[in-house]
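Number of protein chains: 2
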Amino acid sequence: MPAGLRVMGIDPGLTRCGLSVVDAGQGRQVIPVAVGVVRTPVGAALTQRLLELSQAVNDWMDEYQPEVVALERIFERGNVSTVMHTAHGVGVLMLAAAQRGIEVHMYTPSEVKKAVTGNGRADKKQMTAMITRILGLSEAPKPADAADALALGVCHCWRASTLGYEQRLRSNTLK
Amino acid sequence: MPAGLRVMGIDPGLTRCGLSVVDAGQGRQVIPVAVGVVRTPVGAALTQRLLELSQAVNDWMDEYQPEVVALERIFERGNVSTVMHTAHGVGVLMLAAAQRGIEVHMYTPSEVKKAVTGNGRADKKQMTAMITRILGLSEAPKPADAADALALGVCHCWRASTLGYEQRLRSNTLK
Numbered sequence: 094m095p096a097g098l099r100v101m102g103i104d105p106g107l108t109r110c111g112l113s114v115v116d117a118g119q120g121r122q123v124i125p126v127a128v129g130v131v132r133t134p135v136g137a138a139l140t141q142r143l144l145e146l147s148q149a150v151n152d153w154m155d156e157y158q159p160e161v162v163a164l165e166r167i168f169e170r171g172n173v174s175t176v177m178h179t180a181h182g183v184g185v186l187m188l189a190a191a192q193r194g195i196e197v198h199m200y201t202p203s204e205v206k207k208a209v210t211g212n213g214r215a216d217k218k219q220m221t222a223m224i225t226r227i228l229g230l231s232e233a234p235k236p237a238d239a240a241d242a243l244a245l246g247v248c249h250c251w252r253a254s255t256l257g258y259e260q261r262l263r264s265n266t267l268k
Numbered sequence: 094m095p096a097g098l099r100v101m102g103i104d105p106g107l108t109r110c111g112l113s114v115v116d117a118g119q120g121r122q123v124i125p126v127a128v129g130v131v132r133t134p135v136g137a138a139l140t141q142r143l144l145e146l147s148q149a150v151n152d153w154m155d156e157y158q159p160e161v162v163a164l165e166r167i168f169e170r171g172n173v174s175t176v177m178h179t180a181h182g183v184g185v186l187m188l189a190a191a192q193r194g195i196e197v198h199m200y201t202p203s204e205v206k207k208a209v210t211g212n213g214r215a216d217k218k219q220m221t222a223m224i225t226r227i228l229g230l231s232e233a234p235k236p237a238d239a240a241d242a243l244a245l246g247v248c249h250c251w252r253a254s255t256l257g258y259e260q261r262l263r264s265n266t267l268k
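Note that the protein sequences, when read in sequence, are chains A and B. Residues 94 to 268 (the working numbering) make up the first sequence, in order. Residues 94 to 268 (the working numbering) make up the second sequence, in order.
Any given hint might turn out to be false.
As the list claims (entries may be wrong) - Label pairs and their calculated CB-CB ranges:
no. : chain 1 : residue 1 : chain 2 : residue 2 : range
1   : A       : 193       : B       : 204       : 34 to 42 Å
2   : A       : 225       : B       : 217       : 51 to 59 Å
3   : A       : 222       : B       : 141       : 34 to 42 Å
Think of the hints as simulated: they come from the structure by calculation, not from any bench. All C-beta atoms, glycine included, are put in the ideal place defined by N, C-alpha and C.
Only chain A is shown next, with the shape it has when bound in the complex (with noise of 0.2 Å):
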């Protein structure tokens, strides 16, 4: 298992972007770290948006110092304008990793439902309760983007450890 591994789940957007740290403990231990939200202005011009979301992301990357990072799958549904700003921020977010070094895995939001909650479906109340009681939180986390910003984070170190192991037994090294 690659307990120790530390992870920033980054649920993108411009409005508002969920950003989260957490380590990999033992088994499907994880441990929280960090959780915020960024937002830039709506009516400020698209560059200065851009920009501030930079510098938060890159502030985040040097205060934590994460190894990878869980980025939300964005899809072309709902508002077009919005999806394309998101879009815009996604690049800048990939590249503040890309620019350290650091992997970025992308999964969609019903990969990440699934594997907090076992079912891709599941609503908003789930995902918060799960993500309070896996993170051992005293109170449920918000907004949303936090929330979901934890559930990325959370969906890696599973599924890293799940790679881990199914690697291992590839290679016959399994303990």
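Given the coordinates of chain A, work out where chain B should sit on it, guided by the hints.
Below, chain B alone, put in the same frame as chain A:
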């Protein structure tokens, strides 16, 4: 007229990104300074491609010190995955401008066609012929992405020229 204004035209893309630099001259004169196409490997990781695009556009900005960027506005048409990749690239390109305090103006393909040929539905052949003539080039720019980047630069010079004229007309300072 904003004679001397240096504009970088960008036709965004990850597989091919057209870059140009032009200077606004007297009247409707536009002077070509540089043109090129940045390519990133189709098979490489998205993070790597974004990093390479960012490095290339930053190198161009270091070398040519543009005052304004004219960027093609992208739409959610065609292959969805290509559009998303281009949108991620646009985020990285806009960030490079924002980090230097360079203004970004976006133009739709039909705005560029109308500015350059007078016809918002001009085809590639007409566009290339007009750009070659306007810039006094000895041969047509290739590939299409390079010609498009030059057209964006010309479009912005002429639009900026008109904007300046209108502003001075309103403020009664027109000589």
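Inset, instruction - Hint by hint, work out which the structure violates, then give me just those numbers in ascending order. - result: Structure breaks no hint.
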